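Number of protein chains: 2
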Amino acid sequence: MSKTIAILAPGAMGSAVARRLSENGARVLTSLKGRSEVTLKRAADAGMVGAEDDAIAESDIILSIVPPGEAEALAERLAALIVKCAKKPVVVDCNAVNVDTVRRIEEIIGSAQAPFVDGGIIGFPPQPGGKSPAFYVSGEHAKSVAVLKDFGLDVRIVDGPVGAASALKMSYAGIVKGLAGIGSAMVVAATKAGAAEALRNELALSQPSILARLEIALPDMLPKAYRWVAEMREISGFLGPDHPASQIYEGFARWFEHLAEDVEGEAADAELIKAFAADAAKAKI
Amino acid sequence: MSKTIAILAPGAMGSAVARRLSENGARVLTSLKGRSEVTLKRAADAGMVGAEDDAIAESDIILSIVPPGEAEALAERLAALIVKCAKKPVVVDCNAVNVDTVRRIEEIIGSAQAPFVDGGIIGFPPQPGGKSPAFYVSGEHAKSVAVLKDFGLDVRIVDGPVGAASALKMSYAGIVKGLAGIGSAMVVAATKAGAAEALRNELALSQPSILARLEIALPDMLPKAYRWVAEMREISGFLGPDHPASQIYEGFARWFEHLAEDVEGEAADAELIKAFAADAAKAKI
Chain A
87 MSKTIAILAP
97 GAMGSAVARR
107 LSENGARVLT
117 SLKGRSEVTL
127 KRAADAGMVG
137 AEDDAIAESD
147 IILSIVPPGE
157 AEALAERLAA
167 LIVKCAKKPV
177 VVDCNAVNVD
187 TVRRIEEIIG
197 SAQAPFVDGG
207 IIGFPPQPGG
217 KSPAFYVSGE
227 HAKSVAVLKD
237 FGLDVRIVDG
247 PVGAASALKM
257 SYAGIVKGLA
267 GIGSAMVVAA
277 TKAGAAEALR
287 NELALSQPSI
297 LARLEIALPD
307 MLPKAYRWVA
317 EMREISGFLG
327 PDHPASQIYE
337 GFARWFEHLA
347 EDVEGEAADA
357 ELIKAFAADA
367 AKAKI
Chain B
87 MSKTIAILAP
97 GAMGSAVARR
107 LSENGARVLT
117 SLKGRSEVTL
127 KRAADAGMVG
137 AEDDAIAESD
147 IILSIVPPGE
157 AEALAERLAA
167 LIVKCAKKPV
177 VVDCNAVNVD
187 TVRRIEEIIG
197 SAQAPFVDGG
207 IIGFPPQPGG
217 KSPAFYVSGE
227 HAKSVAVLKD
237 FGLDVRIVDG
247 PVGAASALKM
257 SYAGIVKGLA
267 GIGSAMVVAA
277 TKAGAAEALR
287 NELALSQPSI
297 LARLEIALPD
307 MLPKAYRWVA
317 EMREISGFLG
327 PDHPASQIYE
337 GFARWFEHLA
347 EDVEGEAADA
357 ELIKAFAADA
367 AKAKI
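Protein sequence lines correspond, in order, to chains A and B. Each number in the working numbering corresponds to the 1-based position in the first sequence with 86 added. Each number in the working numbering corresponds to the 1-based position in the second sequence with 86 added.
I should point out that these hints are in silico values taken from the structure, not numbers from a laboratory. All values derive from a computational prediction rather than experimental measurement. A couple of the hints might just be wrong.
Any copy, or any two copies together, can satisfy a pair, since identical chains are not distinguished.
Calculated pairs, DMTMM-like style, for lysine to aspartate or glutamate (alpha carbon to alpha carbon, straight line, at most 25 Å) [said to hold, decoys possible]:
| hint | residue 1 | residue 2 |
| --- | --- | --- |
| 1 | Lys217 | Glu283 |
| 2 | Lys310 | Glu350 |
| 3 | Lys217 | Asp236 |
| 4 | Lys170 | Glu226 |
| 5 | Lys360 | Asp245 |
| 6 | Lys278 | Asp306 |
| 7 | Lys119 | Glu226 |
| 8 | Lys170 | Glu192 |
Please construct the entire structure, taking both the sequences and the accompanying hints into account.
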């Protein structure tokens, strides 16, 4: 059965997901009002159809895929559209937001009487012919998103209420992206103190799997560091302001902010990080 | 050739190292003034000989193995003893202290005209018949410690000045102990949000080596968390107070402090951490 899916916004992840869905026969709508030429082209390449707000509100499923700081404002906008519809779409928040935020979004969408699903995406945007990232979903309406499996998405239902899928996303990112954070900070400091080679050798001997992970994760992290700043703040919020570990994630936000500025500027630390990863890869040959 | 090694203090690591040296024919001295019955017994079991300060100052090598916060005070005490000796012992700071601290200790020992070596121990205390942890040493006198290889210690010379061995120790601990920090914080938060099983399953699929590491590292960390508090503060100091990543390690100090209190108290978070690790181990069978 054909489905109409709206995806907001047509960013890197949103348009890659749209392409996967449209290649598998779904009609994919998005909002293109006031968007740049680059975005218009990306959306068209992904098979997305520009649509008015009314048409978006009448979709079967709406996927919210935006930077974490924009998730709540988008929910407000969607609720205002949906409240007027007779037939309500299922709204899925797929963003890297914390549990409190997603519960607020649930209330916002609920105020428009639409079924709401908590979602969390783990993995890279789907490449043509490649595998889908995992779309974790939770909440009482989670099953109504399972239909997206038929359109090429790897949908996985988390047995739990709204908040469970976001908690999974937060805790997974807190470990995997956190490891890139501590790894990059320590590699830069060790290199500046003349201990990079000794660190690489000791990790190769006693923690080879951590070294292998850093070799991939460190260069992969650098161009994304700017996006991880807000995500680390969400993880700090996931723990809560008085939690004894929240300062760790405030610290990661500050470190990734520094790295993002470094990457855009003289790339001094970025070069040390790349050199460590490259030398670790060479040492294995 | 027989050697006289002094080890201060006869703690868990110090006495295990002493046992290894004495079993291999070294004479191992320590200071037992004012120590508890437990310590006297541990020292005797390890083949350590209680000695007066004068005899300790006349050893061939003095190993300082104390909690990081005591390293500088011990150096002051040793310098006061050594300054009077004609033949100076080689003094090795083996502690988990940062580069600035070890440079201050170098100055203190240098004021007594004794050769100084920077050291860092990576690994567990040697068990009878088991392997030695790695004793990394750096600085111009590092080679004079290589003789300890003949007495069963795994001495590794880091090519670099005083500070390089400590930088290695700090950066290695910053990665390996930091991973236990983020892993434990996220496991507790995910469990409380009902996402522990989903987190374990996703890690098993996409990051199996990180999950395998957490399975071992998390239960191992709990009884040591109280000791890691000071070490995390040393790592923060290694980065420097204005460093954009130092807050991460201040955060780890606070988190390990919380876990240490939890372990001593109702062990609420400790039980969640143990359960996650145990279930991860079970899932593999």
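Status of the hints after comparison with the structure:
For the homomeric pair Lys217 and Glu283, the shortest alpha-carbon distance between copies (23 Å) is at most 25 Å, but the shortest distance inside one copy (36 Å) is not. Taking the closest pair of Cα atoms, Lys310 and Glu350 come within 25 Å of each other only inside a single copy of the chain (11 Å); across copies the shortest separation is 40 Å, beyond that limit. Taking identical chains as interchangeable, the C-alpha atoms of Lys217 and Asp236 lie at most 25 Å apart only when both belong to the same chain, with a minimum of 14 Å there against 55 Å between chains. Proximity of Lys170 and Glu226 under a CA criterion of 25 Å is satisfied intra-copy only: 23 Å inside one chain copy versus 78 Å between copies.
Proximity of Lys360 and Asp245 under a CA criterion of 25 Å is satisfied inter-copy only: 22 Å between copies versus 40 Å inside one chain copy. In this assembly of identical chains, the alpha carbons of Lys278 and Asp306 lie at most 25 Å apart only when taken from the same copy (22 Å versus 31 Å across copies). Taking the shortest alpha-carbon separations for Lys119 and Glu226, neither the intra-copy value of 33 Å nor the inter-copy value of 67 Å comes in at or below 25 Å. For the homomeric pair Lys170 and Glu192, the shortest alpha-carbon distance inside one copy (18 Å) is at most 25 Å, but the shortest distance between copies (75 Å) is not.
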